[in-house]
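Taken in sequence, the protein lines are chains A and B. Numbered according to this note's numbering, the first sequence spans residues 161 to 611. Numbered according to this note's numbering, the second sequence spans residues 2 to 321.
Be aware that a few hints might be false.
[To be verified] No farther apart than 30 Å at their CA atoms in a straight line, the calculated lysine-lysine pairs in the DSBU-like style are these:
no., chain 1, residue 1, chain 2, residue 2
1, B, Lys193, B, Lys280
2, A, Lys414, A, Lys323
3, A, Lys238, B, Lys193
4, A, Lys416, B, Lys183
5, B, Lys183, B, Lys280
6, A, Lys467, A, Lys414
7, A, Lys488, A, Lys238
8, A, Lys238, A, Lys207
9, A, Lys247, B, Lys280
10, A, Lys247, A, Lys207
11, A, Lys238, B, Lys280
12, A, Lys224, A, Lys323
13, A, Lys488, A, Lys224
14, A, Lys207, B, Lys280
15, A, Lys224, A, Lys207
[Unchecked claim] What follows is a set of in silico ranges between Cβ atoms, one per label pair, in the way DEER data are often shown:
no., chain 1, residue 1, chain 2, residue 2, range
16, B, Ile170, A, Asp595, 28 to 36 Å
17, A, Thr221, B, Leu88, 42 to 50 Å
18, B, Ala230, A, Asp420, 50 to 58 Å
[What the hints assert, rightly or not] Over 10 Å on every C-beta distance to chain B, these chain A residues come out as not near it, computed from the model:
no., residue
19, Gly222
20, Glu332
21, Tyr547
Worth flagging that the hints you see were computed from the coordinates, not collected in a lab. We put the CB at the ideal spot given by N, CA and C, even for glycine.
These are the residues of each chain, in order.
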Amino acid sequence: MRKSRLIAGIVTALMTAGAVTACSSGGGSGDDADTLTFMFRGGEDEKAAYQDAIDRFTEDTGVKVKVIVTDADQYATKLQAAVAGNKVPDVFYVEQGSLQSYVSSGVLMDITDQVAAQGVDLANIWEYGVNSYRYDGTLQGTADGQLYALPKDVGPMALGYNKTMLEEAGVELPDPDEPLTREAWLDILKKVTQDTDGDGELDQWGTGLNVSWTLQSFVWSNGGDWTNADRTQVTVDTPEFAEALQFFADLTTKEKVTPDPEQAQTLDTYQRFMAGEIAFFPVGPWDVSTYNELEFEYDLMPWPTGKSGEPATYIGSLGIGVSSSTAKPEEAVKLATYLSTDETAQQTLVDANIQIPNRIDTAEEWAAAPDAEPANRQEFLDIVESYGRAMPAAFTFSPAWYDELFVNIQPVIDGDRAAADYLAEVQPRMQELLDQANEQAEQAAAAGAAG
Amino acid sequence: MTSTAAPATTGPRTPVPTSAPATPGGGSKRLHRSEKKWALAFVAAPVVGYLLFIAYPTGFALYASLTRWNGLGPMQFIGLENYANLLHDERFQQSLFNTFFYMIGIPIGLALSLALAIAMNRKIMGLTAFRTIYYIPVISSLAAIAILWQWAYNGDFGLVNQFLGFFGIEGPNWLSDASWSKPAIIIMAVWKGLGYSMLLYLAAIQSVPRSLYEAAELDGAGSWSKFRAITLPMVQPVTFFLVVTNIIAGAMIFTEINIMTPTGGPEYSTASAVFHIWKQAFQYRQMGYATAMAVVLGILILIITLIQFRLNKRSSFVID
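Pulled out of the complex, with its shape left as it was, chain A reads as follows (with noise of 0.2 Å):
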């Protein structure tokens, strides 16, 4: 008996061990030899597009792609999974805030070269675009560090306006050159903020934003930041900070050129917009497909500038990176950069109006273009060019710091509570989580040089 039970152990020990290893064994990339497997995510828009690009690679190289897609708020934790499974995609969207983590656990390739070789001009490409991807192992976003990534797009917020409303109002069309200052655009908010058919209650609105996707616009042009330039000091009890802030929320709570203060936050300022509610709203160039079947005309303008007297906005941006346990290191490289610069899947994307050409001389012809619509798409270009900057936590280890200023910020959105006496409450807080997000980053590169 005690035999028999020692068989089965040894029964189980072996079945175990085989199944372990026929999990393990399948790691690295897709299982056919001259095929690539390619992970990103996107809206049906976007993977039509894609898929477009996608085959005409296949039509020049002669090299198949695999497509996995999914959707928007799972790719993060199902790239993590592939990771962990070790079955990594040959080729991958990454994102800007997950660079530094995938390139000290040694998952993505070093592309420097391979890029260079291919003889791409990233001089054409978006200064902007290309830093974001760039490492030195302490710094992001910095012409100097090694390339691990090409920009899938750079996405400039810009400021959009309702042009049929402005002009029912009597308003005078915002200049495409020169911002207004805050106070100027105040004082358009509050005239086309109206009850137009006289039953009592307000049906359409100045504008009415979301502070997560929006502060940022209002801080920078008043001089204020989330850090100092070297990410290591949480910077948001400063006076500047407090006022943009309290500006934001006044909007809401004291001018009263928003819909109600709980509306802020929801979706529905959006859907307002779209049916021609609200006169000034962020517009991205994913929305352009969207916008332009509008029933109003709209156009782009800058932000409005607060003391600094610029203004100032975020791009966001995707990255398209290249495992460094692909089995076709050449082709994977010819992928990612075919992705993001060639002319031809570039103008695909472009026509797809998804997002704004990657090529700096494409994206001229674009914007120059005499039917675009927006009219004033330059708008775009010029955030990219000169104004735009990187989201507060694009380049640091783990978001957590950034995240902790939205958790408790709604009593002032409310007008509960005064933006300075919130701020310098949660600088502490978002300090330690800064603090500890630059040790995971130290810890992180460290481990990945000794391992």
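Start from chain A and add chain B according to the hints.
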């Protein structure tokens, strides 16, 4: 084939082929061996499954909870540091509090579904239609339901507040108000689970012997005492089952939270423990720390379940 061939080669000493273990040598042993192999294979299947999918991940998680690990790179053993940090992690404690706060919905849901089950046990018009309607939320996609309720809770034009408006009540902005966001989630969870509990209760009620009610009626019991003295104790096993499974499921609430309040709600008021764990693991790259939280959560659930088993044993009710 082997069973008929075996006795022929067994020899004179063992006339009965079935007494295999006692048989020294010969074909019966071979038969026994081959059967044993099969037996082992069958035993091995669940054992392998257990080792591979339960024991190994559990052991791995326990180890990971003792490391500093970002989920990608190498692990660095740091002993109990993660657990020590948990003691003064306010956000984790808050998310645990939120999670257990949501469980207020369990007794409410059970009471409602028992009432519904009793109602559905009568002969009323359109019974099947009602049963179906109550069961639809159970089989619907949780993500779809969460999005639906997110709209229903909209402070301005949501269904819930419009309904309250009929009675002259001005509803709160449910999901953006720190004091109403948790009740909002509870209401939704109760609504979603109602059909399932109702169905189990209905089955339990229908299996209560009629004779008990008849005897009680003879003794002059009214409907309330019949409910209290017969129905309630008779469905107690179902109640126990539902309480245990609801607490375990409730402790793991995630999807609703993630969809309805992607940032964890105003002032982190809706973040559940699993939501917080997921955020730490996948957004803040603290996989080791997050695993430690998961271990703590698992232990808490285990303790609660053990207490329940103990209580259930003490209050169990048997009719001879």
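Going down the list of hints, with the structure as the test:
1. Lys193/B - Lys280/B: Roughly 25 Å separates the two Cα atoms, so the pair holds.
2. Lys414/A - Lys323/A: At roughly 26 Å apart (the allowed maximum being 30 Å), Lys323/A and Lys414/A satisfy the hint.
3. Lys238/A - Lys193/B: Since the Cα atoms of Lys238/A and Lys193/B sit roughly 28 Å apart, the hinted pair holds (cutoff 30 Å).
4. Lys416/A - Lys183/B: holds (29 Å)
5. Lys183/B - Lys280/B: The hint holds at about 19 Å.
6. Lys467/A - Lys414/A: Satisfied, since the Cα-Cα distance of roughly 20 Å is no more than 30 Å.
7. Lys488/A - Lys238/A: Roughly 22 Å separates the two Cα atoms, so the pair holds.
8. Lys238/A - Lys207/A: holds (17 Å)
9. Lys247/A - Lys280/B: With a Cα-Cα distance of about 23 Å, the restraint between Lys247/A and Lys280/B holds, given a limit of 30 Å.
10. Lys247/A - Lys207/A: holds (22 Å)
11. Lys238/A - Lys280/B: Between Lys238/A and Lys280/B the Cα gap is close to 14 Å, so the pair holds against 30 Å.
12. Lys224/A - Lys323/A: violated (47 Å)
13. Lys488/A - Lys224/A: holds (12 Å)
14. Lys207/A - Lys280/B: It holds: about 27 Å lies between the C-alpha atoms, which stays within 30 Å.
15. Lys224/A - Lys207/A: holds (17 Å)
16. Ile170/B - Asp595/A: 28 to 36 Å: violated (47 Å)
17. Thr221/A - Leu88/B: 42 to 50 Å: Because 57 Å falls outside the window, the suggested range is violated.
18. Ala230/B - Asp420/A: 50 to 58 Å: holds (53 Å)
19. Gly222: holds (33 Å)
20. Glu332: Its Cβ never comes within 10 Å of chain B, the nearest being 32 Å, so this holds.
21. Tyr547: holds (28 Å)
When held up to the earlier numbered hints, the structure conflicts with 12, 16, 17 and fits the remainder.
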